[in-house]
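**Student:** Start from the sequences, fold in the hints, and give me the full structure.
Which chain is which? The protein sequence lines are A and B, in order.
Oh and the first sequence: position 90 is 90 in my numbering, straight run, nothing missing.
Oh and the second sequence: position 34 is 1034 in my numbering, straight run, nothing missing.
No lab work stands behind these hints, which were simulated from the structure alone.
Note that the structure is a prediction, hence the values are computed from the model and not measured.
C-beta atoms are modelled at their ideal positions from N, C-alpha and C, and glycine is treated no differently.
A few of these clues could be false.
Beta-carbon label-pair distances, calculated as ranges [unchecked claim]: (1) A/G16 with B/G1059: 37 to 43 Å; (2) B/N1053 with A/P82: 44 to 50 Å; (3) B/N1007 with A/A10: 15 to 21 Å; (4) A/S59 with B/K1071: 34 to 40 Å; (5) B/S1030 with A/G41: 42 to 48 Å; (6) B/E1072 with A/G16: 49 to 55 Å.
One-letter residues, chain by chain:
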Amino acid sequence: KQEVTQIPAALSVPEGENLVLNCSFTDSAIYNLQWFRQDPGKGLTSLLLIQSSQREQTSGRLNASLDKSSGRSTLYIAASQPGDSATYLCAVDTGANSKLTFGKGITLSVRP
Amino acid sequence: NAGVMQNPRHLVRRRGQEARLRCSPMKGHSHVYWYRQLPEEGLKFMVYLQKENIIDESGMPKERFSAEFPKEGPSILRIQQVVRGDSAAYFCASSTTSGYNEQFFGPGTRLTVL
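**Tutor:** Following this line, the structure appears as structure tokens:
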């Protein structure tokens, strides 16, 4: 059974800091991994999708990497801003009818 | 191209009533997924549907919950005889095909059971 872990549950950093959010999963047989952002009381916004054959994806100040063999992914946020404050969720698709397995998320607070 | 649409955004029901949650996938998407986010918990898969077919309902509670995706119209998640433990945010996602493809999420329906 796939399990996804995101530690720590919460993180507070000063504005401008570069930061790394971690995600680990127990079963390396995945099709892809997605990072999402969720603002309080809102839906999920897809940030990056990494296919199983890829090592990383970049979008603006965000870079996500994937190491399938070790069951790990990281989301790198460069030059953090207060507007980046949100909960960041990691989810893996193991291909069994494409149902995503989510971590509990990391709640990020960027202090001005 | 409008995103995934869900309605209502907020729904309040008393114990024992029925709740109907609607999801319209993105244009061109024929695969719909429902997830539930309970307070202080992560999102959990409930059911995966294609037009007129339930493909995987392994995450659905065995009783009171049902889902459909008719040939015409939105996907419906139906909860009969709601209880307080059903209070949660219910999210719908859609994709063009299964596997290898990004799932796009709607804004969710927040169900409160009094």
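**Student:** All the hints need checking, so say for each whether the structure fits it.
**Tutor:** We went through each hint and held it up to the structure:
Judged by the Cβ atoms, the range 37 to 43 Å given for A/G16 and B/G1059 holds: they are separated by roughly 41 Å. For the pair B/N1053 and A/P82, the beta carbons lie near 45 Å from each other, so the given range of 44 to 50 Å is met. Between B/N1007 and A/A10 the Cβ separation comes to about 32 Å, which falls outside the hinted range of 15 to 21 Å. Our hint of 34 to 40 Å for A/S59 and B/K1071 holds, since their Cβ atoms are close to 36 Å apart.
At roughly 29 Å, the beta carbons of B/S1030 and A/G41 sit outside the given window of 42 to 48 Å. Checked against the hint of 49 to 55 Å, the C-beta distance between B/E1072 and A/G16 comes to roughly 52 Å, which is consistent with it.
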